[in-house]
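Trainee: Okay, here's what each chain looks like letter by letter:
Number of protein chains: 4
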Amino acid sequence: MQRIAYIGLGNMGFPMAAHLVQKGFKVDGFDLDAAVREQLPSIGVSACSTIKEVVAQADVIISMLPADQHVLDVYISGQYNLLSLASKARLIIDCSTISAQTAVTLFNAAKAQGIPCIDAPVSGGIGGAKSGQLTFICGGEQEHVTQAEPILLAMGSQVFYAGEAGCGQIAKMCNNMLLAICMIGTSEALQLGIDFGLDPKILSDIMRASSGNNWTLEKYNPCPGVMAYAPAAQDYQTGFMVDLMNKDLNLAMQATMQSKTATPLGMLARSLYQQHARQGYGQRDFSSIFKLFAQLPELATEK
Amino acid sequence: MQRIAYIGLGNMGFPMAAHLVQKGFKVDGFDLDAAVREQLPSIGVSACSTIKEVVAQADVIISMLPADQHVLDVYISGQYNLLSLASKARLIIDCSTISAQTAVTLFNAAKAQGIPCIDAPVSGGIGGAKSGQLTFICGGEQEHVTQAEPILLAMGSQVFYAGEAGCGQIAKMCNNMLLAICMIGTSEALQLGIDFGLDPKILSDIMRASSGNNWTLEKYNPCPGVMAYAPAAQDYQTGFMVDLMNKDLNLAMQATMQSKTATPLGMLARSLYQQHARQGYGQRDFSSIFKLFAQLPELATEK
Amino acid sequence: MQRIAYIGLGNMGFPMAAHLVQKGFKVDGFDLDAAVREQLPSIGVSACSTIKEVVAQADVIISMLPADQHVLDVYISGQYNLLSLASKARLIIDCSTISAQTAVTLFNAAKAQGIPCIDAPVSGGIGGAKSGQLTFICGGEQEHVTQAEPILLAMGSQVFYAGEAGCGQIAKMCNNMLLAICMIGTSEALQLGIDFGLDPKILSDIMRASSGNNWTLEKYNPCPGVMAYAPAAQDYQTGFMVDLMNKDLNLAMQATMQSKTATPLGMLARSLYQQHARQGYGQRDFSSIFKLFAQLPELATEK
Amino acid sequence: MQRIAYIGLGNMGFPMAAHLVQKGFKVDGFDLDAAVREQLPSIGVSACSTIKEVVAQADVIISMLPADQHVLDVYISGQYNLLSLASKARLIIDCSTISAQTAVTLFNAAKAQGIPCIDAPVSGGIGGAKSGQLTFICGGEQEHVTQAEPILLAMGSQVFYAGEAGCGQIAKMCNNMLLAICMIGTSEALQLGIDFGLDPKILSDIMRASSGNNWTLEKYNPCPGVMAYAPAAQDYQTGFMVDLMNKDLNLAMQATMQSKTATPLGMLARSLYQQHARQGYGQRDFSSIFKLFAQLPELATEK
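Residue numbers (the working numbering), protein chains in the order written: chain A, 1 to 303; chain B, 1 to 303; chain C, 1 to 303; chain D, 1 to 303.
Keep in mind the hints are simulated off the structure, nothing from the lab.
Bear in mind that the values here come from a model prediction, so they are computed numbers and not experimental data.
The C-beta atom is built at its ideal place from N, Cα and C for all residues, glycine as well.
Careful, some of the hints might be misleading.
[What the hints assert, rightly or not] Derived pair list, reagent style SDA-like, types lysine to any residue, alpha-carbon separation capped at 25 angstroms: (1) D:K219 / C:M1; (2) D:K247 / B:K247; (3) A:K247 / D:Q254; (4) A:K247 / D:K291; (5) D:K260 / A:G125; (6) D:K291 / B:Q283; (7) A:K291 / C:Q275; (8) B:K247 / C:A209; (9) C:K247 / A:Q275.
[Said to hold, decoys possible] Partial pick of chain B residues on the chain C-facing surface, computed with a CB cut under 8 angstroms: (10) A109; (11) M253; (12) L268.
Turn these sequences into a full structure, and let the hints steer you where they fit.
Mentor: Next comes the structure, spelled out in structure tokens:
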């Protein structure tokens, strides 16, 4: 069985690594946070205190890091320079959500060291990580994605091959930009109906059965009272945070600068999410954008 | 069996009336256009040359008219004043897509004459009208919608009750505004992927299996080459015209003025569709908005 | 000297009528609000208790009414039907801000009674009305605008001739839509600078001397602390209310539906002002839109 | 008299250097393009063939480079590493329009070498460079800006101090974002008026005298036929190119990512300019955005 070095064991990485252990992989783990490292034995992961140590015996390296800078720091530059240490590794799987540009930089740097590398950002959030139902959207050479598939399916349920290096990041970013647009559009449509006295539950049913249907109506209705299990039912306390959606929308903005693509709804969605974060919702679920359009209760009564 | 007066037999009304006849209803038809009236016998509808004649024996009146003004002209004001002639009618079903305000005006005027009335705009387009697969989104009193149901199901496959008079119009308008947003958002996401070298077919598959999924990805992909049977495959020549989408978006704009709802993505979608119409696409399918974001071929080569 | 019937003596009409009296005109006044009528003698206006009475002796009729419906009610329909009563009048000056469509309706109805009519909406707000510094933007036949000029200059300082009937309304609406865009754009630019530590006063000076200059930087800076006398200095309590800006933006929306013009920034400005009104700012000055982009103080400290 | 090393003598730098010579400065010049270097003697600038040579005797270094990467390449990294060569220099004036982040990087790197440095991006375009009427918007330490002032005023007419290092870039970017918004807003307002039959010249006059006034109405009207000397009068062939406006809007986008500022109109303006560039207008003046809203002539006739 392959030996895996897992780097970055936060909210996402921790449950993902646990699934790997459960499926029989030998996993060594490293995280900058000592408190996290102390928890690793509880899920069967060997805690390592340095990058050098964690990659020493690794056949495969998986990373799940917060942003571009962390990926560059760990793999290429600075004190870590993982690529120079990982002489045995035959595959790098970077699950971080980062820019395509950095993904390509990593791919090329790894290639120069003779290590195959794929970008494999995930969709499904913390819930998917815990239940092992993540979707991996991969870029790189197809044979390396095929090679990674058994490992990815130990942590998730779907693997997509999007194209060459960086394409996994682009595809995820396109999807999340579209998700943001659909979430805001659905919120606007529901609020417009509510303002005319329609029951949001009935309106949701109608649109779900019609051409307005989208994932947010099916799984993640933003209007409180429509879906019992959605974040809207818990005051948007759980789920996919507004700040994380903003991170993804910023990656999309950055990509459009490179490609010179016009994405007016995508950019407006980003502006609205940014405004929403400024009003104090950064740590709430992204479906809370519904509140941006709602009538203030005290004003509603005045009418 | 009930006798039906059908008023307005254009692209939508004509095939809808044909379905009624096939299901055994006796249908009298009136249209302002004499050429249309001459075609009516071919589908088993008795052609009448005046409003007075068409409603004389009607139990139920169905109308499918282009806009608010036509509905007001036919039913209430001017030379026709249908409501004063329809002494026998026990139900009015207005299938026109109009403002909620006019729908309520008609409802009240009909009520004053003792005739129950529902607004029942449709979703599904000309294709749905021909195949008898329309969806009816109804407003009015619930018992009258129930009463209309057998007739509606003779022309379609789904009937929704949205709420009181005008709510059918509001629900349809919310749905179509959301559809416009999803169509543009999907176009932007696909173009962003294409600009980075992704195959739009693969990207569509990925988003369809992920949180960006929406009806346009499932049934109506705007990118040529992705779906064999979509309007994009036929240079956007068939389908739901940009001018009609603009009509629906204008109804939504008008509604937001009344309700004071903020719908930023909806209004931006309307601006982009208006811009698209100005560039000569008014008579093309609404998924042609994809072209608004595409790189001009001659510029693409220059790169 | 001409005898003037003044209809609608609210926040704007009252000080405007006072200026007319001061310039020597004989003014009869009518307002639906009895409390207003009681105040009229204090500014030298004869209070009339009916429309019939106020127009009986009038050479010129001036109206300053809140919206389309009031103009139609007073002049044409319903109980008042002023046009049928004003046998002596030689000129109607409607200063209300209404749709071009209604302005044209009034023009035609007045013409049918042989009474010349111009639309003359004003710019300058309550401040301009009080100081006699209003700008009148007129539509109708040029000779009638010329005829009205001495009267208009008794209440204001500038008279523009925009074109045929309704063009005064269109020009004002274009101006106010542009004003809304400039106000929001200026707010965004200032906030962006502030977020990078720039002094908004210095940044305002720089942009005012550069190509970003606009009326809001010159006269109406939205950022508190930059201009001593601007509404921003008084917590946006005085000035031109958000609700009134929304009324004007709605008129612009309505116009674009008629003309099929794409005005993406104008419509987004409308969405943002509507959102702002929903958050409780309807009765504040329109420069308070600045707050839509500001960092919440408690969040700012958190950083 | 100070000896100046001028690096980057393209469309902007060339005429700027010519003004310096005319005011009596001794100027050595370097440009990567040999053809440019050959032209330098014609304006009295000594052509140098290397960076090393150009800075050897320089008291002051001025650079006018296209983008961030060039500035980093010239001053800090790679083969040039100017900072290590410029032992005599007492002041660096970087006139390039780049990100604030890179400006700060340069400031710090120069400081480490003991060389004072200011960012001094310009406003005024090629016209301003030729006529010596540029505006400089400066960031850095105030004493160094004061020190640079005589040199800057040899090339321009106005010098602003915006704040610490990078603030010159931020202020310019805020100004240009606002300019883009005003230009598009003015175009929309003019087109709306035109669609209702107003003369754009009259409408421009009215708005210029009212609260919609802005720099584009005063100096740079985007509608052909209104201003004799504006780029609109020459089919937008001269002026400030759409591609350059997009560069500035991209810098603003990048800044908002760092500061987490919501700038909805700014981002929409960027999307519209990007769309415009895609339609083939990248090399036309930025006021050509007016055409994005115009009715196609062939469609206009159809109406």
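Trainee: For the pair supplied as a hint, A:K247 and D:K291, confirm whether the alpha-carbon distance does not exceed 25 angstroms.
Mentor: The given pair, whose Cα atoms are some 34 angstroms apart, is violated under the 25 angstroms limit.
Trainee: Does the alpha-carbon distance linking D:K291 and B:Q283 stay inside the 25 angstroms limit?
Mentor: Distance of about 21 angstroms is within 25 angstroms: holds.
Trainee: Would you check the hint for B:K247 and C:A209, treating anything up to 25 angstroms between C-alpha atoms as holding?
Mentor: Violated: B:K247 and C:A209 sit about 44 angstroms apart, past 25 angstroms.
Trainee: Hey, A:K247 versus D:Q254, does the alpha-carbon distance stay inside 25 angstroms?
Mentor: holds, 13 angstroms
Trainee: For D:K247 and B:K247, compute the direct alpha-carbon distance and say whether it is at most 25 angstroms.
Mentor: violated, 36 angstroms
Trainee: Can the hint on B:L268 be confirmed by a CB-to-CB distance to chain C that is less than 8 angstroms?
Mentor: At about 6 angstroms, which falls below the 8 angstroms cut-off, the nearest Cβ of chain C leaves the hint on B:L268 intact, so it holds.
Trainee: Is the hinted pair C:K247 and A:Q275 satisfied, with a Cα-Cα distance of at most 25 angstroms?
Mentor: holds, 24 angstroms
Trainee: Is the interface hint satisfied for B:M253? The criterion is a beta-carbon contact with chain C at less than 8 angstroms.
Mentor: At about 6 angstroms, which falls below the 8 angstroms cut-off, the nearest Cβ of chain C leaves the hint on B:M253 intact, so it holds.
Trainee: Minimum Cβ distance from B:A109 to chain C below 8 angstroms?
Mentor: violated, 18 angstroms
Trainee: Between the alpha carbons of D:K260 and A:G125, is the straight-line distance 25 angstroms or under?
Mentor: With a Cα-Cα distance of about 23 angstroms, the restraint between D:K260 and A:G125 holds, given a limit of 25 angstroms.
Trainee: With the threshold set at 25 angstroms, check whether the alpha-carbon distance from A:K291 to C:Q275 stays at or below it.
Mentor: holds, 11 angstroms
Trainee: What's the verdict on D:K219 and C:M1, does the C-alpha distance respect the 25 angstroms limit or exceed it?
Mentor: violated, 43 angstroms
Of the numbered hints given earlier, the model fails hints 1, 2, 4, 8 and 10; all others are met.
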